[in-house]
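**Student:** Same order as they appear, the protein sequences are chains A and B. Just so it is clear: in the first sequence, position 127 is 127 by this note's numbering, and no numbers are missing. Just so it is clear: in the second sequence, position 18 is 18 by this note's numbering, and no numbers are missing.
Simulated from the structure, these hints should not be mistaken for laboratory data. Since the model is a prediction, treat every value here as computed from it, not as a measurement. Each residue gets a CB set at the ideal place from its N, CA and C atoms; glycine is no exception. A portion of the hints provided could be inaccurate.
[What the hints assert, rightly or not] Now the in silico label distances, taken between C-beta atoms and shown as ranges:
#1 A:Glu19 / B:Arg83: 28 to 36 Å
#2 B:Gly158 / A:Glu19: 50 to 58 Å
#3 A:Ser118 / B:Gly243: 32 to 40 Å
#4 B:Ala89 / A:Gly53: 26 to 34 Å
#5 A:Gly59 / B:Gln99: 43 to 51 Å
#6 A:Asp15 / B:Leu98: 32 to 40 Å
#7 B:Trp57 / A:Asp15: 40 to 48 Å
#8 B:Arg144 / A:Gly31: 51 to 59 Å
#9 B:Arg85 / A:Gly70: 29 to 37 Å
So the chains spell out like this:
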Amino acid sequence: MTTLLSLSGIAKRFDNGVEAIARMDLDVAQGEFLSLVGPSGCGKSTALRIAAGLVPATGGTVRWPIGRPGIGFVFQDATLMPWADVLANVRLPLDLRHADRGGAQDRAARAIARVGLSGFEKAYPRELSGGMKMRVSIARAVAAQPRLLLMDEPFAALDELTRQALNDDLLRLAREDAMTVIFVTHSIYESSYLSSRVVVMTPRPGRIAADIRLAPPPLRDQSYRLTQEFADAAGKVSAALRSAMQPGAAERGAA
Amino acid sequence: MKGAAAYILPALLGVAALALWEFLVRLYDVPVFLLPAPSAIGTALAGNFASLLDSLWVTLQVTWLAFAIALAGGLALAVLFARSRTLEASLFPYAVILQVTPVIAIAPLILIWIGYEHVERAAVVIALIVAFFPILSNATIGLRSVDPDLMDLFRLYGASSWQILWRLQLPGALPYILTGMKISGGLALIGAVVAEFAAGSGAATGLAWRIVEAGNRLEIARMFAALALLSLAGILNFYLLTGLEWLLLHRWHESAAKTRR
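All chains, full assembly: derive it from the sequences and hints.
**Tutor:** Below, the structure is given as structure tokens:
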């Protein structure tokens, strides 16, 4: 497996003295769907931002062995420009790169169709539901055809049904575009459903407590949630998370 | 309140008040140099229409010119402030001092410097002083109120600082800037009037000067006529800016969109 991203000895201490990440070593392979799971404030979002280059680490190195790929980022909020319609929002990454106008228009329209929002190109964010806004946000990320997709608890604020539908759409997009995905969540079931690998982090300062390989079927749908394999996967993640939450877990994780 | 009622009710009230005013003035035979009846004011307005309209135009030109300079300068300085905290920290206190010092007290000084033969120029400067601050402070807050996640997204996609300003900060600041513009639009008119009052004589030809002149001659009806036009100018400016605000915001911003729902 080719390593796409390699974090070694990553540490982060904020200006106010809070130590978010103690020491984090993580190699992400190309094509992986990796979930970072942990309690609130364990530094998983910070790790994602460090990987994206949005926040500098205070220790350690971020390496891209086969070159830095195009990166898409999806935030917990849809983070759309309220003054721009859906098409203009999705086109943003292409516009910022000065892609030619006609091509950008077509690619944005295709991305909108892929998240099932055809017909809403001229709608403004305020006219959309939370789930639709998140779809626009995902369309914006994939429109730029990134090889690495970073997602920071993107579906945390959505209702369960919307969330499950978006889980399936995300899996389809990742497979079709052969994207590597790093997905931050605090949901055991979401990480178990989506991921080929779940990395569990300890409470602040975050360290890696467990690294669990899962083997979900490549093509799965809602029926997978009822299988014994899914229950086993969720059980493993749940157990790892519970032991990571226990006092002293941070030291064991570092060992 | 439903559409038409919002216009009809105040209009009815206005007509009723004018009728009562006319009736009381006639009933008690109030001298015209104290309180002229609306009909007398109308006659004065019609009789001096050409000269009053000229004056209105002068006042509007002063107001609009000062407003335009305040808008351009306020926005430019706000953009610099949004880039440099040091610059903001050094200059902002002086902008505040200029704002809190009553403009009527500065006006004579400015008139002396610019000269009583150029009252219009002094009026533009005085109107500019009062109109500048609301645009500067609102635009500065607006430019800084960018969603930090959106800012991260722009940085992730390698946006230049020009793209960040043009595509992110300015559109996001628009509701703030328009609020500042509505305040400044009213203040610019006040500044234009204050300047002419402070001049008191000289080469002024704006509406404020018509009021001073009519007052000196105890032509109270003409005073009221000029006053009515001055109100009209203020209302005109307010609705122009409200219309602009609606045009720019109604598709996406709750403040402007709510009236539509």
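**Student:** Work down the list of hints and note, for each, if the structure agrees.
**Tutor:** Each hint, compared with the structure:
1. A:Glu19 / B:Arg83: 28 to 36 Å: The hint (28 to 36 Å, Cβ to Cβ) holds, given that Glu19 (chain A) and Arg83 (chain B) are roughly 32 Å apart.
2. B:Gly158 / A:Glu19: 50 to 58 Å: Since Gly158 (chain B) and Glu19 (chain A) have Cβ atoms about 30 Å apart, the given range 50 to 58 Å is violated.
3. A:Ser118 / B:Gly243: 32 to 40 Å: This hint holds: roughly 34 Å between Cβ atoms.
4. B:Ala89 / A:Gly53: 26 to 34 Å: 30 Å, holds
5. A:Gly59 / B:Gln99: 43 to 51 Å: 47 Å, holds
6. A:Asp15 / B:Leu98: 32 to 40 Å: 35 Å, holds
7. B:Trp57 / A:Asp15: 40 to 48 Å: 57 Å, violated
8. B:Arg144 / A:Gly31: 51 to 59 Å: 41 Å, violated
9. B:Arg85 / A:Gly70: 29 to 37 Å: 33 Å, holds
Checked against the numbered hints listed earlier, the structure breaks hints 2, 7, 8; every other hint is satisfied.
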